[in-house]
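> Sequence:
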Amino acid sequence: MSVSSTPANSTPANPIGKNGVLLHVGVHKTGTTAIQAALADAREDLAAHNVRYPGKLQAQHRGALALLGRPWGWNNRGGGVMDREHFDRLAKRTVKAPGRVVISSEFFCEASAEQAQEAVAALGDSGARPVHVVVTLRNLGKLLPSSWQQYLKYGMTTSYDAWLTDVLATPGSSKMTPTFWKRHDHGDVITRWGQAVGPENLTVMVLEDVPRNYMFETFAQFLDVPPEILNSRMELTSNRSMTAAEAEVLVRLNKKVKKTMQWTDYVTLVRRGVALGMVEGREPESSEPKLRTPDWALDAAQQVGIASVNTIQKSGVQVLGNLDALTIRIESTPDPGPVDQLPIDAAVTAIESVINASREDPTSRALAGRLYRQTKKDGIRSLFRKESE
Numbered sequence: 021m022s023v024s025s026t027p028a029n030s031t032p033a034n035p036i037g038k039n040g041v042l043l044h045v046g047v048h049k050t051g052t053t054a055i056q057a058a059l060a061d062a063r064e065d066l067a068a069h070n071v072r073y074p075g076k077l078q079a080q081h082r083g084a085l086a087l088l089g090r091p092w093g094w095n096n097r098g099g100g101v102m103d104r105e106h107f108d109r110l111a112k113r114t115v116k117a118p119g120r121v122v123i124s125s126e127f128f129c130e131a132s133a134e135q136a137q138e139a140v141a142a143l144g145d146s147g148a149r150p151v152h153v154v155v156t157l158r159n160l161g162k163l164l165p166s167s168w169q170q171y172l173k174y175g176m177t178t179s180y181d182a183w184l185t186d187v188l189a190t191p192g193s194s195k196m197t198p199t200f201w202k203r204h205d206h207g208d209v210i211t212r213w214g215q216a217v218g219p220e221n222l223t224v225m226v227l228e229d230v231p232r233n234y235m236f237e238t239f240a241q242f243l244d245v246p247p248e249i250l251n252s253r254m255e256l257t258s259n260r261s262m263t264a265a266e267a268e269v270l271v272r273l274n275k276k277v278k279k280t281m282q283w284t285d286y287v288t289l290v291r292r293g294v295a296l297g298m299v300e301g302r303e304p305e306s307s308e309p310k311l312r313t314p315d316w317a318l319d320a321a322q323q324v325g326i327a328s329v330n331t332i333q334k335s336g337v338q339v340l341g342n343l344d345a346l347t348i349r350i351e352s353t354p355d356p357g358p359v360d361q362l363p364i365d366a367a368v369t370a371i372e373s374v375i376n377a378s379r380e381d382p383t384s385r386a387l388a389g390r391l392y393r394q395t396k397k398d399g400i401r402s403l404f405r406k407e408s409e
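In terms of this note's numbering, the sequence shown opens at residue 21 and continues consecutively.
None of these hints come from the bench; they were simulated from the model.
Any given hint could be a false lead.
[Claimed, not checked] Quick list of in silico lysine-lysine cross-link-like pairs, BS3-like style, CA-CA up to 30 Å: (1) K310 - K279; (2) K76 - K195; (3) K276 - K310.
Using the sequences and the hints given, assemble the complete structure.
Spelled out as structure tokens, the structure:
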């Protein structure tokens, strides 16, 4: 069965049924945070057009994680498995909602074939409401650095090169981050969800070589709402990648504090404080080195992309955008050399973010104070000392 591929900005997406469910399953690092922020902020405007975005949070992550039954956070240190009630509540809200419903969580892309079928049945009220699945994709070579950085925010202490070796040595498996290939074997993601919903009810949206507003415009077309409802909310988040120095700070900081922290404190002080603070609190200079993906990893990512596209082409799903863009070998970048300096404004922003986070969560003040005193005593440069020192 051949795939239908629609070039970006030509044929618009067809609206889903008036009582249909648009289920956006990711994948991770494809602008999901931006579209979720827009949908959440637009809840009232969407409702005025008989479209519901369930719940009060930015995305339906809790429902997705509850369906998966996998831990969020560190087991035995503040993390745990989401109660099944979160998914059941999402399903009930969806079934009872009038008009169209849109749901978005990139964690859904990790669902097994059986879990995908279960999600479609529950959210579609056993066929009473048609479900249309959207999968947003980018070139795997471009996703590698941002994916590693996402795992850093989960407490990872492994360098980028070591992580790449683990992930790409045998594509499809990873000891360090087993969820990576559940997310980024894109052909397999399409296969699992295509079998659950039917290939005619799945659209792949390729987000390469398209304008920034393309995803927002297309979601508005699916939901049959004025595009300005989502276009006007494109800039609500800044989810840029970290520079090489910022990422290195997080690696070293994780090594120093992870073993002594609970997950909830880590989320407050490091994940939302340092990591998010550096990203949203400053704009790097163009001269600051970016994370470099080695040539061998870019070669491997291209081969995975080619295999995924072959699978998608045989699936019978609709494709919006240029599917071939997923097979391109990403251009190599110069090696910036060792990372041994952090811009002062980045250091100040990181410390300020920790202080602000501790004010919002009084139970974390003691940890914030300890982090601050250690930084004051050792200096930010201590995070860049070689491990042998």
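> Please go over all the hints and tell whether each is borne out by the structure.
Now the hints, each set against the structure:
no. : hint        : verdict
1   : K310 - K279 : 28 Å, holds
2   : K76 - K195  : 35 Å, violated
3   : K276 - K310 : 23 Å, holds
Violated hint: 2 only; the structure is consistent with all others.
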